[in-house]
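Enquirer: Single-letter residue listing:
Protein chains: 4
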Amino acid sequence: MELWFTEKHTEHVKFSIQVDKQLYSGQSEFQRIDIFDSPEFGKFLTLDGYMMLTEKDEFIYHEMIVHVPMAVHPLAKRVLVIGGGDGGAVRELTRYLGIERIDLVEIDRQVVDVCRKYLPQTAGRLDDPRVSIHYEDGLKFVRAEENVYDLIIVDSTDPFGPGEGLFTKEFYGNCFKALKEDGLMVNQQESPFYPVDAIAMQRAHKRIVDSFPVSRVYQAHIPTYPSGHWLFGFASKKYHPTEDFDASAWMKLGLKTRYYNPKIHIGAFALPNYVKTLLEEVEPGR
Amino acid sequence: MELWFTEKHTEHVKFSIQVDKQLYSGQSEFQRIDIFDSPEFGKFLTLDGYMMLTEKDEFIYHEMIVHVPMAVHPLAKRVLVIGGGDGGAVRELTRYLGIERIDLVEIDRQVVDVCRKYLPQTAGRLDDPRVSIHYEDGLKFVRAEENVYDLIIVDSTDPFGPGEGLFTKEFYGNCFKALKEDGLMVNQQESPFYPVDAIAMQRAHKRIVDSFPVSRVYQAHIPTYPSGHWLFGFASKKYHPTEDFDASAWMKLGLKTRYYNPKIHIGAFALPNYVKTLLEEVEPGR
Amino acid sequence: MELWFTEKHTEHVKFSIQVDKQLYSGQSEFQRIDIFDSPEFGKFLTLDGYMMLTEKDEFIYHEMIVHVPMAVHPLAKRVLVIGGGDGGAVRELTRYLGIERIDLVEIDRQVVDVCRKYLPQTAGRLDDPRVSIHYEDGLKFVRAEENVYDLIIVDSTDPFGPGEGLFTKEFYGNCFKALKEDGLMVNQQESPFYPVDAIAMQRAHKRIVDSFPVSRVYQAHIPTYPSGHWLFGFASKKYHPTEDFDASAWMKLGLKTRYYNPKIHIGAFALPNYVKTLLEEVEPGR
Amino acid sequence: MELWFTEKHTEHVKFSIQVDKQLYSGQSEFQRIDIFDSPEFGKFLTLDGYMMLTEKDEFIYHEMIVHVPMAVHPLAKRVLVIGGGDGGAVRELTRYLGIERIDLVEIDRQVVDVCRKYLPQTAGRLDDPRVSIHYEDGLKFVRAEENVYDLIIVDSTDPFGPGEGLFTKEFYGNCFKALKEDGLMVNQQESPFYPVDAIAMQRAHKRIVDSFPVSRVYQAHIPTYPSGHWLFGFASKKYHPTEDFDASAWMKLGLKTRYYNPKIHIGAFALPNYVKTLLEEVEPGR
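Protein chains in written order, with UniProt numbering: chain A, 1 to 286; chain B, 1 to 286; chain C, 1 to 286; chain D, 1 to 286.
No lab work stands behind these hints: they were computed from the structure.
Among the hints, erroneous ones may be present.
The list treats identical chains as one, so a pair stands whether inside a single copy or across any two.
Listed below are the simulated BS3-like cross-link pairs for lysine-lysine, each with C-alpha atoms no more than 25 Å apart in a straight line [stated by the list, open to error]:
# : residue 1 : residue 2
1 : Lys-263   : Lys-206
2 : Lys-8     : Lys-56
3 : Lys-276   : Lys-263
4 : Lys-180   : Lys-77
5 : Lys-276   : Lys-256
6 : Lys-56    : Lys-21
7 : Lys-237   : Lys-180
8 : Lys-56    : Lys-263
9 : Lys-140   : Lys-237
Build out the structure end to end from the sequences listed, making use of the hints.
Expert: Okay, here's the thing in structure tokens:
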């Protein structure tokens, strides 16, 4: 069966995955949601035709968006995840016994329902008793919170459509306010390679730099995202992502990971020169 | 014009680049050689339909295959490049004034001729007076050399077709013999992500581990190679890739790079757990 | 959503249809069955990844496989349809009030069930009281019949897989035997354009010529089949397809059609020279 | 080498041909011109990325656009071909010894030059002494002529870009004027199947009906054109396309053809009902 899902990484670059079956297709209030099964990547989720995650490589994204901040913050107890209705970030968070409460704010209930049914690999820990799911706009949710969270994870879609508000200056300012005095925020921050993505990445970085005293960017190899070179933002009120990172403390937790490890933690912040240049272009005063 | 070059990264994954024009197509004694022009990646070279390099991202590959070993070996004077008829590795090497002689061994003269004509960006330094080009089989060339080189760069194609011999145990053993007592060898070593590539990577690693006392693997983000997560082997008689790396000495050289920098050097050797596991599977005794 | 169904018309030619949703996918005892919905062609059915019919152009195939023989045979009362589990040929047949009984022999019950559910446009007349469905191998079914049918319609898949037996000499011989003394057989007979299809078409023609005194080929424009130029075989014990065709009798029936009409009937038997040559190559003695 | 030329037949349908090599690519004053070599269709010509002809199936188009009118007009001596810089229509015309002069009006000299070099199969008879090539706008050329031609063949590209003027009412009116009192005009008239093409086809038909007393449409199976079902317009001052067709006279000429023959001539005017309906929609008064 020659059935192929194609994502245009740019107008001139296509990435195509052979599909065995389409397991689900629905239109929610916010977006089109599809689940496919594929011989190479297992099941995968798309929103409005954009790849969100595959069973084969989601571990990279979710480990890197969770363990990097958790290995820096020694005592994170209360965590907010915005977006991330697939449950992958929550799954990694629930492995930390020290976390007391996880608020998951996902605007689209249908995403959660679909992932519970078709992607237990990511959604399987959404029933952990520490997790509260809020079907709300993340932008509004965070506006109402102050000095509450140790860690905010912005696990958004791309900066257009439903995810657009999660890339605004107002949003980052509200996240700052919602964090405790030693709180951290991490966010998925697009790719540096293709120009359209790089511009979105720069814009997000500029806004975060303007909002937080500490702001760094780190990277991972995620084969199913455009260019395979994906960035995350690390913003902090107090802790430095590598200087305040206690590798041995994290190792003592005994968490088994498939991508993340303490050396990767340091290496992820070692950016190529061309990426550093892109970041510096929007860092006034540095 | 909807004209697309497609590379199957696996049987079930296609990466497609829109082509504006095919600038050259020829059949040499060894392989089919094509040069295309594309809106996203500029000109690119394929051999037997496999992507070799694009103008847009070749800097990543060539910087990483050259500057990593050159920043470890303090006094490399004589360098052998096997494969690499595009001239990109030679270009980076010629920037080191301490290098006295570069032997480039490329089996296919037509590759060099075509790259000189269509890809001056990579081939432009092949006329440096320190460079000698040998149109020979690299496997045979290196068999005849002993205790000659400070550095051997194995800039091969994939481990089938003309490049196959450059992945054999005999070849690595001859490289060992051709190196001086503190010599280094680096090689392109495929990707860890897709199973077929990972198996080739493991096989190469096993053979290098058997041949050299020091053998490590490092990585880079190369968007146009399968999965975007590409590996290099670092094999050495004496020097350790990170412990014997003198960052400040390299910085004093004042070389301007777009990907490589001393932090990337360290970070490139920080491998994800799943890659470490693949490597350890073929490292008996470790 | 960039989701495309592709059929390779040859190794070097692809025909791709954008899919909105996959409505059904199942594996029967005989083959994989899929139903897709598409913006251009509406719903379409594939078996083992090969296009069978689309809502948009199935009328051409089904009108041409039914009305051509029905307009030649003045008093057809008993009709056998072999294959055709989608019900499209039956639908056209049921419009003739003179037909008393239609036997539909479809090897794969699941095809019928799926078409009833998803393709009422073709399957909607399968419940006509004159229709009897037999879930059997057409080859075996016809072996047991003698001097029974006025018309046999061989509405098979391609000559490999489950449909293979319906292209054998034995099968055509049994059809001859199962027909009354003035009976007709029509069959779908592939395309003359691409070499692989043309060879299959010639092979079928040769076998039919060997089995029936009258054997002609006619054509239609079916855009979703390879090359768009599709052939049907017309085999007969007595009637000639154009000389015994009574246009005014057919017009009096008052059937409304979208493709077929009496001029098309004649025109369909006017074959291009290159097709005539292909046919004559396998017509010994002519 | 996975290199594919794709033509979008509609927004939702793609037809893709594997390319071995791009033999030529150039930008003329009017359009982009490309010649490709392909394993399935041999060499093919595209203008602005649209398929014009392939070596494998151009015979169908060129035979049908030439022999149909030539078999109707008993004594055509002077012929005008507008467009058709590939030379295929001229090639067929030169086979008629009764033709005394052929004016080929092609706006783009570069098309002729490229076809002479790369497509001798079609362009090989452009040097016939009866042929005069005029590198002019066909719309302007025909404006200046009156009562000159026995036959005008409008071998245009699609009704947008350089070919747009050849689908206007003014143009058809001028063709009428340029024809002798028993003159004929044939034109390529798009496809009836896909809605966008069908609308262009209807518009052209309406304008021709308004300009000529006799106006009919005929069809051919051309696999590399959208849907494979292609139409031609037959417009005439006096002769009827089938009633004034003298099959035996044409047969006596002894021309060897691969698609056209007298039965095809009649059959080509037998249109499917849905096509007749499309035509009648724009034929006021009928």
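Enquirer: Each hint: holds or not?
Expert: Structure-based check of each hint:
1. For the identical chains of this complex, Lys-263 and Lys-206 are inter-copy neighbours only, at 23 Å across copies versus 27 Å inside a copy, given an alpha-carbon limit of 25 Å.
2. Taking the closest pair of Cα atoms, Lys-8 and Lys-56 come within 25 Å of each other both inside a single copy (20 Å) and across two copies (18 Å).
3. When the C-alpha separation of Lys-276 and Lys-263 is checked against a cutoff of 25 Å, the pair qualifies both within a copy, at 20 Å, and between copies, at 12 Å.
4. Taking identical chains as interchangeable, the C-alpha atoms of Lys-180 and Lys-77 lie at most 25 Å apart only when both belong to the same chain, with a minimum of 11 Å there against 56 Å between chains.
5. Proximity of Lys-276 and Lys-256 under a CA criterion of 25 Å is satisfied inter-copy only: 13 Å between copies versus 31 Å inside one chain copy.
6. Within a single copy, Lys-56 and Lys-21 get their C-alpha atoms as close as 16 Å, and across copies as close as 23 Å, so both meet the 25 Å cut-off.
7. In the homo-oligomer, the alpha carbons of Lys-237 and Lys-180 lie at most 25 Å apart inside one protomer (8 Å), although the nearest pairing across protomers, at 52 Å, exceeds that limit.
8. Taking identical chains as interchangeable, the C-alpha atoms of Lys-56 and Lys-263 lie at most 25 Å apart only when both belong to the same chain, with a minimum of 23 Å there against 29 Å between chains.
9. For the homomeric pair Lys-140 and Lys-237, the shortest alpha-carbon distance inside one copy (22 Å) is at most 25 Å, but the shortest distance between copies (60 Å) is not.
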